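Be aware that the sequence shown starts at 30, since it is given in our numbering, and climbs by one per residue.
Calculated directly from the structure, the hints in this document are not laboratory data. As the structure is a prediction and not an experimental result, all values here were calculated from the model. Be aware that one or more of the hints could be misleading.
What the hints assert, rightly or not - List time: in silico EDC-like cross-link candidates among lysine to aspartate or glutamate, alpha-carbon distance up to 16 Å: (1) Lys170 / Glu260; (2) Lys38 / Asp65; (3) Lys72 / Glu225; (4) Lys72 / Glu62; (5) Lys271 / Glu231; (6) Lys38 / Asp87.
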Amino acid sequence: MEIVFGRPKALTKVEFHYCPGCTHGIIHRLVAEIIDELAIQGKSIGIASVGCSVMAYDYFAVDMIQAAHGRAPAVATAVKRVHPESVVFSYQGDGDLAAIGTAEIVHAAARGENITVIFVNNGTYGMTSGQMAPTTLIGQKCTTCPEGRDPGRAGYPIRMSELLATLDGATYISRESVHTPARINSAKKAIRKAFEVQLRKEGFSLVEILSTCPINWGLNPVDSLKRVEDEMVPFYPLGEIKKCREV
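Let the hints inform the model, and build the full structure from the sequences given.
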């Protein structure tokens, strides 16, 4: 019997620790599928961030390094410069990338570092009980803003992809989601483009992916997917924000 669907070779057989309804697992699979399809497993090096994805080194069957909180782009930069023929990617959440790691991601993009960043945005600090993040939407309730985010006190959410797209060193920036099958297919295409940009040595690439956090949002998995569509997408519009050259 021919097997038409199975676990990507670039994923280990370790069971994910993510909460029910979290879409990190879908994103992991997409990254692994692209690594398989591009035949780069043997030369890929992943940088795990701190946050819900802190144990990514258990799930990807490639060389992995654990970075300090927010420092994944700096670690990825060092690895890529020492091993320029490797394919280097970081996997980061919004609390990691958009808060404590803001300087690292901005300057990596500004320098045009030839790395790929997978940026998972669920609008909250998922691992540490749901505090307000830089990406938390106005009015969204969190453990540190139980009445909802007030821009007068906490400022406005940061659209990181649009910010990074203004930098000359950034080659490819796209925002995707995985809340429907069609969006999953689109996200996979964007991830592939981001890795191809690196393989062509064209500079910095980043794919932001809107993700769910049912536990901290206080929603069931189905309603969490609906919230992505109804609340996140209007503020964080999907699509390619900075296009790379077509080949």
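Against the structure, the hints come out as follows:
Proposed proximity of Lys170 and Glu260 is supported: the alpha carbons are some 13 Å apart, at most 16 Å. Restraint check for Lys38 and Asp65: satisfied, since their Cα atoms lie roughly 7 Å apart, inside the 16 Å limit. Among the hinted pairs, Lys72 with Glu225 is consistent with the structure: their alpha-carbon atoms are about 14 Å apart, no more than 16 Å. The hinted pair formed by Lys72 and Glu62 meets the criterion: a straight-line CA distance of about 15 Å does not exceed 16 Å.
Our distance criterion of 16 Å between C-alpha atoms is met by Lys271 and Glu231, whose separation comes to about 13 Å. Between Lys38 and Asp87, the direct Cα distance comes to roughly 14 Å. Compliance with the 16 Å bound is thereby established for this hinted pair.
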